[in-house]
Amino acid sequence: MRVVVKIGGSLMKKEPPAGLIQDFARLAPEHQLILVHGGGDVVTDYATRLGKEQRFVVSPEGVRSRYTDKDTAEIYQMVMSGLLAKRLVQALGREGLRGVSISGSDGGLLQGKRKSKLVVVDERGRKVAIEGGYTGKVQEVDPTLLNVFLEKGYVPVISPVARGEAGEPLNIDGDRAASSVAAGTGADAVIFATNVDGLMLDGRLAERVSAAEASSRLSAVGYGMQKKVMAAVEAVEGGVDEAIICSGVRESPLSRALAHEGCTVITP
Amino acid sequence: MNTSCTECGAELAVPNDAIVGEIVSCKDCSTEYEVAEISNGNVLLKPAEQVGEDWGE
Numbered sequence: 001m002r003v004v005v006k007i008g009g010s011l012m013k014k015e016p017p018a019g020l021i022q023d024f025a026r027l028a029p030e031h032q033l034i035l036v037h038g039g040g041d042v043v044t045d046y047a048t049r050l051g052k053e054q055r056f057v058v059s060p061e062g063v064r065s066r067y068t069d070k071d072t073a074e075i076y077q078m079v080m081s082g083l084l085a086k087r088l089v090q091a092l093g094r095e096g097l098r099g100v101s102i103s104g105s106d107g108g109l110l111q112g113k114r115k116s117k118l119v120v121v122d123e124r125g126r127k128v129a130i131e132g133g134y135t136g137k138v139q140e141v142d143p144t145l146l147n148v149f150l151e152k153g154y155v156p157v158i159s160p161v162a163r164g165e166a167g168e169p170l171n172i173d174g175d176r177a178a179s180s181v182a183a184g185t186g187a188d189a190v191i192f193a194t195n196v197d198g199l200m201l202d203g204r205l206a207e208r209v210s211a212a213e214a215s216s217r218l219s220a221v222g223y224g225m226q227k228k229v230m231a232a233v234e235a236v237e238g239g240v241d242e243a244i245i246c247s248g249v250r251e252s253p254l255s256r257a258l259a260h261e262g263c264t265v266i267t268p
Numbered sequence: 001m002n003t004s005c006t007e008c009g010a011e012l013a014v015p016n017d018a019i020v021g022e023i024v025s026c027k028d029c030s031t032e033y034e035v036a037e038i039s040n041g042n043v044l045l046k047p048a049e050q051v052g053e054d055w056g057e
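Chains A and B supply the protein sequences, listed in that same order.
The opening residue of the first sequence carries number 1 in my numbering; numbering runs sequentially from there.
The opening residue of the second sequence carries number 1 in my numbering; numbering runs sequentially from there.
So that you can see chain B by itself, here it is in the shape it has in the complex:
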């Protein structure tokens, strides 16, 4: 499933077996996206939230 990076316009290849929530990144500018929805072979991406460490015991 292919789409485009909204930052740099490069082609963004999303694996065919991607799942909702998966993080994909642009190979050219490294911007990260989260798979928001997959429907009929089309993928909708949203900007990935920046999440730091600190996960507890």
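Chain A extracted, bound-state conformation:
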């Protein structure tokens, strides 16, 4: 099976959880594994240290995101593709795996279109159109480079940066980077490993949800989970058999996710 594993930003604030990496290593001989990571909080931390306070905006639909101007885009790329990606490669190396980190900019893996405008809700509660900044939507996935790495036994580690039409780096949400990679490379499953067990609906863990139901319940979930659910639905609609949201801090998190134990599985 080809499986994309997305390690959530909540798990990237320090070293990635050893248990998750060890489980990843146990699965590696039997599956083609691709790692995608987040890390927005670390970006914010380093941006603040560099004197660049981060601005967050909320869409009319309630989706909260970082406003990525040019300076922020540079810091974002530095932290994601430099610090966090290499932490993962080093962690994989400690388990005997040959990780190689790239971003969507490399080899045309993730090509995106920069958003010219964003619509946000301002402090008055009113909708305002602002300059789009350096974020965008993935338009095309070229899996060639990934396939070369996988064929040679490397584990690709992908940072959530896409290449814009003018070659510029684009901040693309880590969860949706994972879904784009999963759908664009013909993955069988995508796992979103985070710091909660899965999607909570009506006070309980939703263990099996259709993409349609998940989409219909978006307004009932918090910011972080919203993006995961949106990404999971996109992956499934893009041809991935299942999208799993699970805790990355429990024992054998990935093996148990693939066995559908104590997590949320979203299917067509």
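Heads up, some of the hints might be wrong.
[Unchecked claim] The list that follows gives simulated cross-link-like pairs (lysine to aspartate or glutamate, EDC-like), each with its CA atoms no further than 20 Å apart:
#1 A/K70 to A/E168
#2 A/K113 to A/E53
#3 A/K127 to B/E49
#4 A/K117 to B/D28
#5 A/K117 to B/E34
#6 A/K117 to A/E131
#7 A/K113 to A/E131
#8 A/K127 to B/E37
#9 A/K117 to B/E11
#10 B/K46 to A/E165
#11 A/K113 to B/E49
#12 A/K137 to B/E37
#13 A/K127 to B/E34
#14 A/K137 to A/E237
[Stated by the list, open to error] Just the calculated beta-carbon pair ranges, DEER-fashion:
#15 A/D41 to B/A36: 53 to 59 Å
#16 B/P15 to A/V249: 56 to 62 Å
#17 A/R94 to B/P15: 45 to 51 Å
#18 B/D28 to A/R64: 29 to 35 Å
#19 B/E49 to A/K14: 49 to 55 Å
Note that these hints are calculated values from the structure, not bench results.
C-beta atoms are modelled at their ideal positions from N, C-alpha and C, and glycine is treated no differently.
We have chain A already, so just place chain B on it with the hints.
Just chain B, lined up with the frame of chain A:
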């Protein structure tokens, strides 16, 4: 500041404290407009661009 919806002709009320870039919508047909310019109490609107989600990390 009032103007008219170009789609349905209904009166379109723009708040007096509107700013350039603000999105206003027609109460009758829900067509959205962006405030392009405010000058001497007059407002110039343009059709609002459709912008989807996907804003990054």
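Can the restraint linking A/K137 and B/E37 be considered satisfied, given a maximum Cα separation of 20 Å?
-> Violated, at roughly 29 Å.
Could you tell me whether the CB distance from B/E49 to A/K14 stays inside 49 to 55 Å?
-> Given range 49 to 55 Å: violated, Cβ gap about 41 Å.
Taken at face value, is the distance from the CA of A/E237 to the CA of A/K137 at most 20 Å?
-> holds (16 Å)
Does the alpha-carbon distance linking A/K117 and B/E34 stay inside the 20 Å limit?
-> Answer holds: A/K117 to B/E34 is near 11 Å, not above 20 Å.
Taking only the CA atoms, is the gap from A/K113 to A/E53 under or equal to 20 Å?
-> violated (25 Å)
Straight-line alpha-carbon gap A/K127 to B/E34, limit 20 Å | With a Cα-Cα distance of about 9 Å, the restraint between A/K127 and B/E34 holds, given a limit of 20 Å.
For the pair we were handed, A/K113 and A/E131, check the Cα-Cα distance against 20 Å.
-> Answer holds: A/K113 to A/E131 is near 14 Å, not above 20 Å.
Hinted pair A/K117 and A/E131, Cα distance within 20 Å = holds (5 Å)
Within a Cα-Cα threshold of 20 Å, do B/K46 and A/E165 meet the stated pairing?
-> It is violated: about 26 Å lies between the C-alpha atoms, which goes past 20 Å.
Within 29 to 35 Å or not, the Cβ separation of B/D28 and A/R64?
-> At roughly 31 Å between Cβ atoms, A/R64 and B/D28 fall inside 29 to 35 Å, so the hint holds.
Does the structure keep A/K113 and B/E49 at a Cα separation of 20 Å or less?
-> holds (15 Å)
Take a quick look at whether A/K117 and B/D28 sit within 20 Å of each other, Cα to Cα.
-> Violated. A/K117 to B/D28 sits at ~25 Å, over the 20 Å cutoff.
Checked against the numbered hints given earlier, this structure breaks hints 2, 4, 9, 10, 12, 15, 16, 17, 19; the rest are met.
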